[in-house]
Amino acid sequence: MTKQEKATAYWKENIKYLFILLTIWFLVSYGAGILFKDALDTIKIGGFKLGFWFAQQGSMYVFVVLIFVYVRLMNKLDKKYGYGA
Amino acid sequence: MVHSLFLVEAISVQNWTYILVGVTFALYIGIAIWSRAGSTREFYVAGGGVSPLANGMATAADWMSAASFISMAGIISFAGYDGAVYLMGWTGGYVLLALLLAPYLRKFGKFTVPDFIGDRYYSKTARIVAVFCALIVSFTYVAGQMRGVGIVFSRFLEVDINTGVILGMLIVLFYAVLGGMKGITYTQVAQYCVLIFAFMVPAIFISLQMTGNPVPQLGFGSQLADGSGTYLLDKLDGLSTELGFAEYTQGSKSLIDVFAITLALMVGTAGLPHVIVRFFTVKNVKDARKSAGIALLLIVILYTTAPAVSVFARTNLIETVSNKEYANVPEWFKKWETTGLIVFDDKNNDGLIQYVANKDQNELTVDNDIMVLANPEIAKLPNWVIALVAAGGLAAALSTAAGLLLVISSSVSHDLIKKIINPKISEKGELIAARLSAVGAVCVAGYFGINPPGFVAAVVALAFGLAAASFFPAIILGIFYKKMNKEGAIAGMVVGIVSMLFYMMKYKLGWFDEVLPDKSEWWFGISPEGFGSIAMILNFVVSITIMKFTPEPPKNVQAMVEKIRIPSGATKATGH
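The listed protein sequences correspond, in order, to chains X and C. Quick note on numbering: the first sequence equals residues 1 to 85 in our numbering. Quick note on numbering: the second sequence equals residues 1001 to 1576 in our numbering.
Bound-form chain C, shown alone (with noise of 0.2 Å):
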């Protein structure tokens, strides 16, 4: 016994990752052969029988991207209160999309989002539109899913971060490809588990540390553990203003923005392809409903453990830095050095790390990813919790590049060639489409992982503002306004992603102008992030005035639309 527990302290973080890492790619690949999908049906929407518990930790896993578990925490811990636009963004829009979308697109009872909006503007036009914006968004954000696979494999098996993209895209592609949505929800189910599980058990740890509360939402409002009686949250807050930062609990963005920002993440959150595609998995209205709630209960557990693990990481932070000798810096500090996500430059050669708000005198410059990656570190946790952030950052990633993968292969192959080119494909035909698109689809992203083109990183936040700017209005109308006709819907779409486009590349990429233009030109003072929702207003005000100008809808359509908004009779997804 005693034998066995020196052998487990003996092990090497490194060592620990690789057996991680492996345990769990092999679990993912069995699962993927257990459930090979064998006709169109279970190729787009897992066969239409997936119990509300197993679709709602699958969509929770694909919903929780690389950027939820590495970055979310660090980002809140260096912006404070204004972090709140991410926590309540991503997480608001399910109610949305549990109340609004979900239950009416599951009877209406097809596999892809342009499928609806297809049928329900009667139209190849409107469908085609769709699929350009479900392609726009799915590569934006896959492409960042990709680079978080390369950059968790570099960071922690110190492989070359394009090996690891490319290891990352052929297990992907196994499961993906073989299994289509069938494999891709069940390894979703296991991802999940792994995720949840490696976000958590850190958590808690550095929550009994400093507070002695084992529940981390309940530890950062709490006092510190050392019988000072001074809350956690007070002594941050002192903390960052006596360094010259904001208040940690005020932020310093503008009301309008962070009510804009939230507004489009909700929005876009709503409108995701590869989230609403997963209520077409479930059985019925009513597990539409349910799996929707199971879902967000899922990801509130990670969502409200975020901020409180960005609370401990400042702290932690300012306290083992702040003005200490460069010489004596922990373990931790140097090997994260070398990665360059940590810098220090002694601007006054004291030899002390001087961590401020001062530009002109700070010397310590600290990456957001790092309070996720490096926290166990930092709270002297044992190997095996550190490897354990790996296999989650992993798992976190490759479930939500997964589901992408699938919209965009499923968007070329049912929506593209079955619906428009070639109507008389075979159910075979078909799904060799399908799993050639997606073979395609993942060296595309496999590509721009390798590649970044410069602006990936600052255009994935963006695929919010896109979907809520183009899907949401045109699915809301077609649910709850009867007389929406094509012409309206069509022209709404097409409005609010161009605007959306346009203020991106304006404000955000600097395309039009010799210099990106100031934050004081924004319209409204509203951010990139927050335009979202102005697009999406823009999207409804245009798509409600050219109805007014045009016929209204056949009479069959009207028809569908109140056989949508009954739930009962729901019949299994179909093709035809």
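Pulled out of the complex, with its shape left as it was, chain X reads as follows (with noise of 0.2 Å):
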């Protein structure tokens, strides 16, 4: 490879990542927390009502792993590219 298409190679993965992992942000928060969130309260887990602990717990957790798995995920693909100097 090129370094171009090295770079490019490691920019659309990169781009993938962001993809999925903004899903998940979004389905959490804006999904589960709002969007959903009178369906998900039918389902009660001890004195929570699901959709009001996605919003004001849930999604706090899962923004955080989001971050942790990012830093993971990207730590390994600049090894892949050699960017991690």
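Note that these hints are calculated values from the structure, not bench results. Since the model is a prediction, treat every value here as computed from it, not as a measurement. Mixed in with the good hints there might be a few duds.
Distance condition first, Cα-Cα at most 27 Å in a straight line; then the derived DSSO-like pairs of lysine-lysine [claimed, not checked]:
| no. | chain 1 | residue 1 | chain 2 | residue 2 |
| --- | --- | --- | --- | --- |
| 1 | C | Lys1283 | X | Lys12 |
| 2 | C | Lys1110 | C | Lys1380 |
| 3 | C | Lys1519 | C | Lys1508 |
| 4 | C | Lys1107 | C | Lys1519 |
| 5 | X | Lys12 | C | Lys1107 |
| 6 | X | Lys80 | C | Lys1508 |
| 7 | C | Lys1483 | X | Lys3 |
| 8 | C | Lys1107 | X | Lys6 |
| 9 | C | Lys1563 | X | Lys76 |
| 10 | C | Lys1483 | C | Lys1380 |
| 11 | C | Lys1555 | X | Lys6 |
| 12 | X | Lys44 | X | Lys6 |
| 13 | C | Lys1253 | X | Lys6 |
| 14 | X | Lys6 | C | Lys1508 |
| 15 | C | Lys1482 | C | Lys1124 |
| 16 | C | Lys1107 | X | Lys3 |
| 17 | C | Lys1380 | C | Lys1334 |
| 18 | X | Lys6 | X | Lys79 |
| 19 | C | Lys1359 | C | Lys1519 |
| 20 | X | Lys76 | C | Lys1283 |
| 21 | X | Lys80 | C | Lys1334 |
| 22 | X | Lys12 | C | Lys1359 |
| 23 | C | Lys1555 | X | Lys44 |
| 24 | C | Lys1508 | X | Lys79 |
| 25 | X | Lys6 | X | Lys16 |
| 26 | C | Lys1555 | X | Lys12 |
| 27 | C | Lys1324 | C | Lys1359 |
Chain C regions said to be covered by chain X (calculated; three or more residues, Cβ under 8 Å) [as the list claims (entries may be wrong)]:
| no. | segment |
| --- | --- |
| 28 | 1226-1234 |
| 29 | 1289-1300 |
We put the CB at the ideal spot given by N, CA and C, even for glycine.
Combine both chains into one complex, guided by the hints.
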């Protein structure tokens, strides 16, 4: 691979990761916490209605996990393409 | 042993407050002296070698302001489910920041956000527009912080609000001017520790008291400790509907507005210059990603506790006052009445407190802020815990104010003076200019703190909308759309910020009509708080449309975009 091809391939994989992670980001907050909140509220876990829980707790935990998953994925990707230095 | 324990009991809340506030302030000043800045690189980006953990802690403290610490739990307490817009909005933005902005801006490796806009869009005009946006956003935000400092001082130490503001100004002045970003970063690390401890201790105590569970995040979904087998949230839903309020877990805002506000706050968070600039201080791209994760983790500790505190406090409040005789209310009630934060008006003269949703029958008005400030007293916690809340509130307000002041001073000394007015200025001269503009910024912020124009409080929440409408699209397009040119970006930023300002003046401040227009006139039913998301979309659309009809950016700029997409070889942040 030329330098240019390598950079393009790296960027493509990066964009793919962003797309997947941001889809999850959208689903837990705007999806579970807002758009589908009422439907999820019919399910109860302990004292929490599920939609309410996603809006005030769950989405935030997922956000943190998403960033750390991103960090891991990107560190691996950097190594694969030799950008890790 | 018995003796000293007795002594601890005997110290009053006020003396405890003097002790805790005094000790924490001495700590901040000590750190400031130890971490003086000697160069512009140290002043603007702390030398560029801050560890991811330290930067994460500093970002968290920088981010969590007086509003997060003092007001948020109270707002959620009264908004119920709707409060989720703040929780998701102010944390979800970090995902955008970590994935879409921080790594690339770190690779770019300059000092400020206008630096990026100016270089990426190869234009002095773009830089000036960015400076202007940064100043508007930061000033609206910082005025609220100084006011917060004043309020904490006046409520806990019984000094005048203005004296409180001036004291706060002097402290911030000292370490921001002396240490610049370096001093600010290390004091923020200390301030994070103070504020998280101060927020968690009362929350854990109260969670234990009410549900027997020491983890507040689990406690508010647990059964009550009284053995009745009722879940706390079910009980609060019941109490709320009994008094005529909406069910706590339901809320009352429209779906589209909840959606729009959440989006505006998320995107605004990712576009706030004082947050972005924190990622210029770490060593490399890898550290920038990691420290965004750490920052969010540290923020989420407070943000997931806050809704629990809201539920505890609301339940406690209703149980303590609703239909109780005014003559027998606890001591804290009288104490906070003198501050005007609780107002009781016995409309039917029956001597009982009617706290209901119906405005004509309701006799009790409770300020949002009281839910955190008075919560330890309501739950009858020890004096030192009550005093801790004051130290925590001050840490939150001061750390955010300092971060904002740095953005303001670097916008003036670096972006205006060094890059536009006098490029030949020496390193020493620029450092002096940076310090002087920090002094100027503190004075202006203090002035607004002492003489708050009526609209400041209303406008602080809109700083996010302004950031969403201006910076976010310009930065995202700058990284992800190589062909975006200066004409598109400038037009987008101008249209974005102007439409946001217009909507805010019309529907929040009511400047264009005799009376403030009613909710029913909002565009698409979206409140001014949520309009940032519409203005952001406008910015994107205008940028891309204008770009299609104007020349593409020069080859060297396109090459620069390709370079910032690759993480390796990030140089130290430099002004040249």
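Query raised in the report: So which of the earlier hints does this model not fit?
Result: 2, 4, 6, 10, 12, 13, 14, 21, 22, 23 and 24
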